[in-house]
Structures are given as C-alpha cells and as structure tokens.
Amino acid sequence: MAETPTRWGKTLFWGLLVALLYWGLFHYQDAIVRLAHTTTQSCLVVEDGKEVYYHKPTAEACAAKGGILIEGNRLNVLVPIVVAFVMSYAHGAFTGMFWDSLGLKAAKKK
Amino acid sequence: MELIQFIELDLTGAILLILIGFVGGMVSGFIGSGGAFVLTPAMMTLGAPGIVAVASNICHKFPKALVGAIKRHKYGQVDVKLGLVMGVFAELGMLYGKHVMTGIKDRFGAVGTDLYVSAIFVVVLAIVGSFVYRDYRKLKSHPHGEEHRLTRLAKWVQSVHIPGTMIYFPGAKAKISFLFVAPMGFATGMLASTIAVGGFIGVPAMIYIFGVPALMASATELVIAFVMGLGGTIFYGLEGMVDLRLAMLILLGSLFGIQLGAIGTTYVKDYQVKLTMAVIMLTVLFSRLFYIPGYLSKLKLIEPLPETTVKTLKVAGDGVLALALLLGAITVLTALLRGIAEHRRQHEVLSENQGIAQ
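Chains as they are written, first to last, in numbering that gives the first Met the number 0: chain A, 0 to 109; chain B, 0 to 357.
Only chain B is shown next, with the shape it has when bound in the complex (with noise of 0.2 Å):
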C-alpha cells in the first residue's frame, strides 16, 4: 500500500504555480521547445512527487501540442507520416518508461522515483545544455547561420535500404528504414515519460540522424509530443497519478508565457535564443543535483546525512531553480522590451523620414 499524496493548494500555492507556469510557458516559446525541462523540477520543488509531477506536465502538455501541431501544419510545417511513425514507437517507450516508474515506485516509494527523475534530469541537461552551448558558439561566430545541410550520419541512414522497411518521408525528402525510426521513437516516448521531455531525443534525431529541416523537426515533434502525451496522461491517470489541479495551473501560467516568449523572439537573433536555453539547462541542472544526496539518504543509499545538511542542500536546490526562472523571465522580457523599443524606434524615423520627404 503506497501513499501518493498530491500537494495541498492554497492560495499562495496556486499563485507561486501559475508564475511558475507563465515563466516556463515564457522560456519554451522562446526556445521553442518544451518548458517542461523547468517545470516538472519546480513542480516537486512544491513537493509533487516526481512520478506526479511528471504525469501531470504531460497531462498539460498534449492538448497544446496538438493545437500547436495544427497550427504549424497549415504553415507546412509538419511531417505528419513521420510525426505519426515516430510517435507509435514513442508511444511504447512511454509505456515501457511509464512501467520502470512505476516499478521504481513500487520498490523504493515516491523517492525512488524522485531521484530517478532527478538523476535522468541532471545527465540529459548536462549533454544537451553542452551542445546548445556549442551551438550558441558555432552561431555567433557565423551570426547568419548556416543552409540546411545533411550530416554524414543523415547521408548514411538515408543510403541504407533495408528491404520491406523502408517508407518515405516528405520532411526529409527520403526513404528511410523505419528501423532507425522505431529506436529513436522508443528512446523520446521512455525519455518523455521520465522527465516530460521527449523532444531532447526526438528534434536532434530528427534532424541530425534523418535529415529533417530543424523548423520542420521541431513542428514535427508536436505531433509525436501529442500522440506521448495522450497516451501517456491515460497510462499514468490510470496509475492516479494525474494531478489536474497541478497541469491546470501550469496551463494558466503557461499559455500567458508561451506566446509572450513565442513574439520575444521575432526581437532577438538566433544565438541570443541558444544561449538563453543553454544558460537555464544547465541552471535547472544544478538545482537538481543539489537533491540528489538527499534522497540516496533517504532511500539509505549512502550514510544518513543529518537533517541540517539535507534541509541546506534543499534550499541550495531551490535557489538555483529560482535563479534559473528568474533568468529565464529576464532574458525573455528584456529582449521583448528592447525589441518593441528598437521596432518604434524605427518605425518613427521612418514616419519622419516619409513627413520630410512629403
């Protein structure tokens, strides 16, 4: 018999959950991908257990996926056949993932999970933070940045014909072995389903192992990001681990955030974008790391830390995510700012420039 308590909501819960919400909507409309890389460890910094806060950032995601999906569909934006592909096999890592949860908590109780999440939070952070870093570097020195281009490893998966495998796919514009299609769906549904963020996987295989455009793949994954989430809101609703409350809050927050930083960065250049989603991977990546000791003690996977030395870490954790948040909402109003600033400026010099010419 396992206790899963959801957090109790009061007022100032539900405020500190809704700016939450709107600061991690603001920081994944501005770097485009999913907020939830800093929402799920906000969410149990509130003390949602981690299994809860995972289940519920899907459970907020999916419907905005889709909306997204459409949207960037009517824009031609979207592989839907790969999107579709992708997200059968995201769909079984999900619930291969959803099983190693719960086997997790099974075991070893809601901390068993915390610590999971924690950990799979910490090395993914660390390698995709270091490649968006050398990125941002790579785009700065080349500010207008580079044509699409395919990979060696793209040419090469794109080269292999495996007989009665092989379907063709308009984002890449080639006939791929769906060989190489069903592992790397598997590996973004597992992923998703233990830190809410499939798209860490699923955006740099689209484009670096099949050859998608990197606009397309990030359309693209709204679609494999919807097929996860519905399924994955009913394999850990029927868990009861859906915290409605919780995903609906995030939502309020983040539907605001998401179009503020979605307009922030039609006012910025590339790198500026890179750099920003860089800098608060690898802040969320420490304010996670700074609890794992603490639950290796409670699970007595080390020697008992005293209280004192727990508790220290535990705020050491949560001044870093706010830091982390308050760098995110930072970067993503000051560059909104002094966009709208720079936007009127020019735009009066014109009017006046028009006058004089009258």
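Looking at chain A on its own, in the form it has when it is part of the complex (with noise of 0.2 Å):
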C-alpha cells in the first residue's frame, strides 16, 4: 500500500501524457486531414465554407470545381503509423496503470 502514492504518479504522468498528445491530434487536425488526403494526388475544393477533398482528380475537372490541385506525397502514409504507435503504446501504458490504481483487478481463480 505504501507504494500508491508513487502509482498514481505514473498514472497522473501517463495520463497528462496522452491528454498532451490527444490535444495535439485535435489542434492540428486539419493538417492531419490534409496529409491523409494528399498521399495521393486530390483537388482541394471549398464548398458551403469547408474543406472538402476529392480523390483522383484530373485538372481539368478540378479546375472545374473551383479547387486547387494538390500533389500527392505517398510519405505521408508514415504519419498514422508513427501517431498510431506513439498514442497506443502511451495510452495503453496510461489505462494498464489506471484501473490497476482504482484496484481493479483480474480474478485470481475462476
């Protein structure tokens, strides 16, 4: 029992972690969204006030549109695998901690 206060410690540290990671995710996820579309080559097109993007565009069409062309970059596939691995793994490490510090355990015997 003397050890919890160094528990929740680990728990709080973990868990401001992943709510610092999270944010990020949310502040910047517009960016996110426009790397994710633009692994391949889209048409950014503006439409009621958002931003919409359309897949496979040829300039023609998306001069039609009103949009911009955007080249696509196929690095950007490595973004969700890094953020992916990165959140998982602290996320993970933050709820192993959490229910362990709420005491909740597995049954011993069923």
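What the hints contain is simulated information worked out from the structure, not anything from laboratory work. Computed from a prediction, not measured in an experiment: that's the story for all the values here. Keep in mind that the hints are not guaranteed to be accurate.
[To be verified] So, partial list: chain A residues that the calculated Cβ filter (under 10 Å) puts toward chain B: (1) Phe12; (2) Leu16; (3) Leu20; (4) Ile31; (5) Val32; (6) Cys42; (7) Val44; (8) Thr57; (9) Ile67; (10) Gly71; (11) His90; (12) Phe97.
[Said to hold, decoys possible] In silico lysine to aspartate or glutamate, EDC-like type, Cα no more than 20 Å apart, as pairs: (13) A:Lys55 - B:Glu1; (14) A:Lys49 - B:Glu1; (15) A:Lys9 - A:Asp99; (16) A:Lys55 - B:Glu341; (17) B:Lys268 - B:Glu341.
Glycine residues also receive a C-beta, built at the ideal position from the N, C-alpha and C atoms.
Both chains come to you apart, so use the hints to assemble them.
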C-alpha cells in the first residue's frame, strides 16, 4: 500500500502525456486530415465554407470545381503509422495503470 | 474524381466515438475477439464511408495487436512461425481485398463500398454468430468443457504430405503443407480488408483445420492481425482513406474498455462469454441489414425507395446497433460487478473463518 502514491504519480504522468497527445492531434486536425487526403494527388475544394477533398482528380475536373490541385506525397502514409504506435503505447500504459490504481484486477481463479 | 469525406468532428461526435470505442473495447476484451464487428458499423452509422471506417479501424488495431502479441508470447501462447506465414498470405489477401474495395469505390462510389461492407457483415455475422451460439449450447450442457481434441479435418490435414511444401508448426505440433495455410491466410486478409475482422476466418481455421489449441490460435491471430494491420494501414493510407482522428478516438475508449472486458472474463463462465458474443453478433447483423435497401436504392439496383422509408430503415438500423452496444456494455459490467461482489463476499467469509479459527 505504501507504493500507492508512486503508482498514482506514474498514472498521472502517463495520463497527462496521453492528454497532451490527444490535444495535439485535435489542435492540428486540419493538417492531419490534409496529410491523409494527400498521400495521393487530390483536389481541395471549398464547398459551403468547408474544405473537402476529391481523390484521383484530373486537372480539368479540379479546375471546373474551382479547386486547388495538390500533388500527393506517398510518405504521408508514415504519419498514421507513427502516431498510432506512439499513442497506442502511451495510452495502453496509462489505461493499464489507471484500472490498476483503482484496484480493479482480474480474479485469481475462475 | 471522387469525393471522400471524413466525418466532421464536434464534441458530441468525439464523445460518441469514445463511448463506442469503450463499449467495442469492452466487448472485444470480453469475448477475446476484435471488437471491429461492432466498431466498423458504428463508424458507418456516424457517417463515415464504409471504406474509411474499415481503414481507420485497421489503423487503430495494429499497434494494439502488437502489444497483445508480445504479452502473450511471454506466456508461450504464440506460434510465431504460423503467425508470420499466415500473416504474409493475409497481407496478400488484404492487398487483393483493398483492390476489390477501391474497384467498387471507383465504379459505384462510396455507397458501393457501404453496400459491399454491409452485405459481407450480414453473411459473416450470420455464419459466425450461429456457430458461436451452437458452441454456447454445447458448453452449457458440458460446463467443464472438453479437452483440446483434433477435429477429423485437422487430423486429415496433418496427415497430408506434399513434398517441398511441409512446414513444422509448434502450435499444431505437426508438419502442415503451406498449401493449406496459404489460402486460409489469404481469406483472413481479404475478410479483414473488407470488414476489419479477419479473425473470424483465421482463428477457426487454426483450430479446426490445422489443429492448434484455441488459446494458442487466438494469441497467434494477434501476430497475423499486426502484420495485416500494418500492411492494411499502408495500403489504405496510400489511397487517402485512413482517418487518424477517428482511429485515435476509437482507440481512446477502446483501450479503457478492453482491459475492463478482459478482467470481466475472469469472473464469468465460458458459456456466458459465448452467449454474449452470439447475441451481439446476431444483433449487429440486423442493424446492417436495415441499411441495405437504402444502399440498393441509392445505387439504383432496385426501384428507388421513398426518402421516408430509407430514413425509417436507417433509424431502425441505428436503434438496433445502439441496442447491441447497450447489451454488450450491460453484460460485461453486470458480469464484472457481480463477480467482484461475489469475490469480496467469499473473501470476507474466508477472513471471518480464519478469525474464528484463531
């Protein structure tokens, strides 16, 4: 029981880290959505005040919509992979400690 | 030129996704299979096109699968060789499945993929749900379960020797021709790229066709899920279909839920787990079934339905899915709370008895 404060401290640390990661994800969500849509060539159009992306556009079709043709960058695909690994690791560590700190454990014997 | 729209995320949408992830995670931890069969339809219900829902689901799963595989490898439950061999063929299946999906999207638009994903869901859940229900009935009548026994099919598969194709798999404790392993891996990948749940083929194939014990099959599936998930995220990511926000919100709830669900299983009997699994699967099946006429109508494959009918069917589908999620949450939480209360009661009685004895 003496280790409880340390355990809560660790839980809090990982919790704050996870919160920071999620804050970053949503603070920069427009950039993240843009990266996702531009692994391949796409056409950015503003419709009803919102930015939407058309995939596999031709220059003519994009111009007809009044959009901007964006060249794709295949390396953008690394973003979801790296972010998913980092967030999964941090959040996994946090949730494990969270339930443990609350005293919720598996039954030793069924 | 095809419009692929990611859903708009406001606070309500984000909270809903976290809650869905939580329940999906709980169900997943409880029944020991991917919760994607709940999560993909739920994302579609919130407005994500089928192809984006599948891609984002695959992205949220692969790091979890890696962590799970490493943990269970430490317990000696993983047949790494079988996982990798199946994983390689699953990757090919995933690539082919993605090719089919993008082909449908290019030809019929996002609604085409919605229809394809929903139809496959209905068929797969009907088959798997019925099998699980049959398993539940068997387990209930023989509560102590049966020892791991090879099926006749597995005995035959292990007896076939095709020179130059035989590989020894420690999980099955036998040599199996990769000519059997390859199509099963391929089918697993193809299904995963369509509904984000490949385990529905992979796990039963390992148990009933290759003769791998159930515990080892479910752990080995994590290796396959990781290999497939990583590949799937790359393939779909290159098509611009992975919505990282969606994936991470689902992950946020799911990681809380998965541990709760896994803890829940330690307080209940095996057949209760199977019953929960069957009930949720068969309920989700109906939720997707209600959507199909609307998709068929939009694609003009049937006489166009009145807008009100499509809306009513959608509401019915959403309602049934909400019911499935609620059922899952209630079952796991009830099992957990009852189990913990019972555990405490037993602990108190034990302590009292010890006190009297002293």
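Here is what the structure says about each hint:
1. Phe12: Check failed: Cβ of Phe12 (chain A) comes no nearer than 17 Å to chain B, outside 10 Å.
2. Leu16: violated (13 Å)
3. Leu20: Status holds, d = 8 Å.
4. Ile31: holds (5 Å)
5. Val32: Constraint on Val32 (chain A) satisfied, holds at 6 Å.
6. Cys42: holds (6 Å)
7. Val44: Check passed: Cβ of Val44 (chain A) comes within 9 Å of chain B, closer than 10 Å.
8. Thr57: Holds - the Cβ of Thr57 (chain A) comes within 10 Å of chain B, reaching about 7 Å at its closest.
9. Ile67: violated (13 Å)
10. Gly71: Nearest chain B Cβ about 8 Å off; hint holds.
11. His90: holds (5 Å)
12. Phe97: holds (7 Å)
13. A:Lys55 - B:Glu1: holds (7 Å)
14. A:Lys49 - B:Glu1: holds (17 Å)
15. A:Lys9 - A:Asp99: It holds: about 11 Å lies between the C-alpha atoms, which stays within 20 Å.
16. A:Lys55 - B:Glu341: violated (59 Å)
17. B:Lys268 - B:Glu341: holds (14 Å)
In terms of the numbered hints stated before, the structure departs from hints 1, 2, 9, 16, listed from lowest to highest.
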